[in-house]
Amino acid sequence: MTEFQVKLLRLLTIGLTLIGGLGLSAIGYAFRLTPYAYLGFIVALVCTVYLASQLVAELVRWQISHLKPIPWEQLKAPVRTPIDSTRQS
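Mapping the sequence shown onto my numbering, position 78 (from 1) lands on 68, and the numbers just tick up by one.
FYI, nobody ran anything at the bench for these hints, they're computed from the structure.
Pairwise CB distance ranges, derived in the manner of DEER restraints:
hint: 1; residue 1: P59; residue 2: T7; range: 38 to 48 Å
hint: 2; residue 1: R22; residue 2: V46; range: 30 to 40 Å
hint: 3; residue 1: Q64; residue 2: L29; range: 47 to 57 Å
hint: 4; residue 1: Y28; residue 2: R0; range: 21 to 31 Å
hint: 5; residue 1: L57; residue 2: R22; range: 50 to 60 Å
hint: 6; residue 1: F21; residue 2: H56; range: 41 to 51 Å
hint: 7; residue 1: T38; residue 2: Q64; range: 33 to 43 Å
hint: 8; residue 1: L29; residue 2: R51; range: 24 to 34 Å
C-beta atoms are modelled at their ideal positions from N, C-alpha and C, and glycine is treated no differently.
Whole structure, please, built from the sequences with the hints as guidance.
Structure representation (structure tokens):
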């Protein structure tokens, strides 16, 4: 499997776990099974945080891969002339 396929499979698995957590939470609340509702909510919350962190990581990776080098001439500070203290304004 390629790296892309592994990432896709991992995100698909986490996405399905997120849906399962939401379903468990909904069923828990519907049938007044509070521990299952909380468990489903926690699973969904963890999956959401994981998916968000993966999205941010991919965006940062993409941003870094599209950076262009800045020419050295633009990085050098401009030469400043000293202020003449005897000059009157």
